[in-house]
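From first to last, the protein sequence lines stand for chains A and B.
In terms of the working numbering, the first sequence has 53 at position 53, counting the first letter as 1, and numbering is strictly consecutive.
One gets the working numbering by counting positions in the second sequence from 1 and adding 1000 to each.
These are calculated hints, taken from the structure and not from any lab test.
Yeah, the Cβ is synthetic: ideal placement off N, Cα and C, and Gly gets one too.
One or more of the hints may lead you astray.
[To be verified] Okay, the calculated bits of chain A under chain B, using three or more residues with CB under 8 Å as the criterion:
{"hint": "1", "stretch": "196 to 202"}
{"hint": "2", "stretch": "300 to 312"}
[Stated by the list, open to error] Simulated pairs of lysine to any residue, SDA-like, Cα-Cα distance not exceeding 25 Å:
{"hint": "3", "chain 1": "B", "residue 1": "K1275", "chain 2": "A", "residue 2": "L304"}
{"hint": "4", "chain 1": "B", "residue 1": "K1055", "chain 2": "B", "residue 2": "T1190"}
{"hint": "5", "chain 1": "B", "residue 1": "K1222", "chain 2": "B", "residue 2": "D1255"}
{"hint": "6", "chain 1": "B", "residue 1": "K1275", "chain 2": "A", "residue 2": "I322"}
{"hint": "7", "chain 1": "B", "residue 1": "K1222", "chain 2": "A", "residue 2": "T312"}
[To be verified] Short derived list, chain B residues pointing at chain A, Cβ under 7 Å:
{"hint": "8", "residue": "I1101"}
{"hint": "9", "residue": "E1130"}
{"hint": "10", "residue": "D1255"}
{"hint": "11", "residue": "Y1256"}
{"hint": "12", "residue": "P1262"}
{"hint": "13", "residue": "K1266"}
{"hint": "14", "residue": "D1271"}
{"hint": "15", "residue": "A1274"}
{"hint": "16", "residue": "K1275"}
{"hint": "17", "residue": "M1377"}
{"hint": "18", "residue": "P1378"}
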Amino acid sequence: MTATAPRTDAGRPGAVDRLARFGRTLVSPRGAVFLLLIVLLVAITVMNPSFAEPGQLIRFVQRVAPVAIVAIGQYFVIVGGEFDLSMGSVVTAQVVIAGNLIGQDESKIVPVTLFMFAFGALIGLINGLVVSFLRVPSFIVTLGMMLALLGAVLYWTGGAATGNPADSFREIGRGGIRDIPVLEILPWSVVVLAVALALAIWFARRPFGRTIIALGDNPVTARYAGVRVWWVKTSTFIISSLSATVAGILLVGYAGVHPSVGRGYEFTAITAVVLGGVVLGGGRGWVVAAAAGAFALEALFTLLNFAGVPSTYRDAVQGAIIILAVAYAATTFRARRRGRALETSPGGPPHAPGPDASKEQAAAEASARPAPVPSTPRADNDTKGGS
Amino acid sequence: MRRRITVASAMIGALALFTLAGCTTDPNVSENTESAAPEETEESVDWFDQALFDKQDAERDVVPEGPENEPYLQYINAEFVDTSQFASQGAKKACFANASISNPWRQTGWITMNQQLQVLQEAGAISEMETRDAQDSDDTQIADIDYFINEGNCDVFIISPNSTAAMTPAVQRACDTGKPVIVFDRGVETDCPVTFIHPIGGFAWGIDTAEFLIENLNEGDKVVALRILPGVDVLEQRWAAADKLFEEAGIEAVDYFTGADPAEIKKIISDELAKGDVQGVWMDAGDGAVAAIEAFEDAGADYPVMTGEDEMSFLRKWKETGLTGLAPVYSNFQWRTPLLAAQMIFAGQQVPSEWVLPQSPITAEEVDEYLALNENMPDGHYAKFGGENLPGYPQVWEDRVIP
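Please model the complete structure; the sequences and the hints are all you need to start from.
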């Protein structure tokens, strides 16, 4: 790409420069997932031009909404340095709760919805408190929670589908605002996703949101800085469980009640978050990229559907592509970080890496391998402090 | 810190692998043929078996023998075996190794079976039934059967195998105890059980459904086949037969595995509709049929010609939408037969060694009748459950409390 274009014109940026910056952004950790998403969407459109019609695209967004919302929730947990493996089973549990408690009785919609949010918050609270105070790794706590919830669902349903809840409750996942020009329909799911994403961006920029990232980056300094670690950590788990609840409500509408709804969502969400360049272990990442990761994943599944990959080895193809994509995201990320390390000299503008960094980035991009380690001792940010 | 991340990532990876591996079913499951199955089926993934296909094709047209209004006691082309060596007085203890109750079909059958048990307990034929649920696991079911053999104090073994090949040695061990063994639903590769009870089978299902779709579609039309999971003989045979007939008739059929997840089904149909018109939907089980139909509604497309199952959710949606449909039946009433067979065996009456129960689809002419008969039943109920003359009807099935 054009990442090698040097910053020649002094003063105002020219067209070449702007293009270069755009190119750099696309191959940077923040941008790699968007590049992947664009490539996938173009590939789908080439294969099936009708996909690019607004009506089709908005349906695609509707379908991705639950996964994207789960990925947004997972982002906060991961960027805070933990994992939430219980998200998928929270989705399942909420779907089953909605189906069984609401049934065909529309008057129960509001109380049951409130109950579902309370239930979601409670699960997050338990996860967070056990992680914070009993010092059990979140991986184990949420794994246990996942099994506990799945077991409870199995006990309740016997593992089979029960009836769907009232149609008016399902409207939020299935329906939308009709008779809109161009789009035909604006699904409620898309609205919910937009609101959730906006909230997440806002929240991530608030002091509290920044504290989460600081905690994920270096818990020791965060603690010394006066952060109430347990509360920050617990709130990330509550956020993730609540986002799983929202996803569950959308999925009941979109699909209906079945104990398999939500299965594997925790891994899809983690994959989406990693694809979005968020570092496992915390401290780095952008919530929008995490949501974009969810879109890229679903676009990949859609592409495989359109390409007519036989069902027998579809999973294998999916897995291979996900590994490659995550490897690419990780590679560009590392290259970028080494580049940044050189550029952190005082006064250096954050968005304009020096010529050295550009060269390294280009090398990394060309070979898809990590760039050679720069000689500066500050280069490797991987050696994060503490513990 | 770095190491913590690496370890955590590795754990995630490992867990993902376990999850995926957990979904695979024994790949060695081969067709349940009465004639010794050739060993090569262990390797090949070809589920089609011409001999079995022809046999089931023929059985579809046979008028079953047996009591007229009791389909669960009827039989097709039966060869009877003598059971006088098992004849004895008194109430017997039955031990039931169940594969799972993880789908609505098995749950409905399980409820019916428990009501049947009540009748036989009152009649003094069965004292009690001890049940172990293997929760879809071969390993668990093998352990369950061995437990029954060693400590169950059983008079009769009733086994609904989780998979064919894996369960064969355990069933053989049960037979070696000298007590009667009754196998139903999925089969095993040994003829040691006294009776093997099952409806006609997967190929018959495939033929019924494929013929219906071919009749109502034109050459070159597209059918989306929604399959639950690979590797289970009764399901693979349904698709093997349908796939063959579609190909012969020039119908374009694509198949997907859905895990019965309605979200997955909806995505698949939406993508297929985005690609081009879909004229037909074929399902290897009705679970999720409603999601498939809703995908057509959401996309604003014409309803497809569709085959589901006799699950109430599909029958209701079929009626409501007025689509051209067929509800193939994998006779749920077979869950009554094993206990009745046990009663007959202890009475010394002869039973069919392979007890083929009738299996006929619900057609558009019959759907109103079945809807009326099962009016208050929940969505997961199966229309041909065959428990109308059992105590507790209809309340027990309407409440649908899993015993």
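How the hints compare with the structure:
For the stretch 196 to 202 of chain A, the proposed coverage by chain B is not satisfied: 0 residues have a C-beta within less than 8 Å of a C-beta in that chain, short of the threshold of three. Proximity of the stretch 300 to 312 of chain A to chain B, defined as three or more residues with a beta carbon under 8 Å from a beta carbon of that chain, is established by the 7 residues found. As the CA atoms of K1275 of chain B and L304 of chain A are separated by approximately 12 Å, the hinted pair is consistent with the 25 Å bound. For the hint linking K1055 of chain B to T1190 of chain B, the alpha-carbon distance of about 19 Å falls within 25 Å, and the restraint holds.
For the hint linking K1222 of chain B to D1255 of chain B, the alpha-carbon distance of about 11 Å falls within 25 Å, and the restraint holds. Taking the CA atoms of K1275 of chain B and I322 of chain A, the gap is about 24 Å. The hint holds against a cut of 25 Å. For the proposed pair K1222 of chain B and T312 of chain A, the alpha carbon gap of about 20 Å is at most 25 Å, so the pair holds. Hint on I1101 of chain B holds. Least Cβ distance to chain A is approximately 5 Å, under the 7 Å limit.
The restraint placing E1130 of chain B at the interface with chain A is violated, with a minimum CB-CB distance near 19 Å, outside the 7 Å limit. Proximity of D1255 of chain B to chain A holds as hinted, the smallest CB-CB distance being about 6 Å (cut-off 7 Å). Because the closest C-beta pair between Y1256 of chain B and chain A is about 5 Å apart, less than 7 Å, the hint holds. Among the interface hints, the one on P1262 of chain B holds; its C-beta lies about 4 Å from the nearest C-beta in chain A, closer than the 7 Å criterion.
Checking K1266 of chain B against chain A: minimum C-beta separation of about 5 Å stays under 7 Å; hint holds. Using the Cβ-Cβ criterion of 7 Å, the hint placing D1271 of chain B at the interface with chain A is satisfied: the shortest such distance is roughly 4 Å. Proximity of A1274 of chain B to chain A holds as hinted, the smallest CB-CB distance being about 6 Å (cut-off 7 Å). The beta carbon of K1275 of chain B is positioned within 7 Å of a beta carbon in chain A (closest approach about 5 Å), and the interface hint is therefore held.
Restraint check, M1377 of chain B versus chain A: the minimum CB separation of about 11 Å is more than 7 Å; hint violated. For P1378 of chain B, the suggested interface contact is upheld, since its CB lies about 6 Å from the closest CB of chain A, less than 7 Å.
In this structure, the earlier hints numbered 1, 9 and 17 are contradicted, and the remaining ones agree with it.
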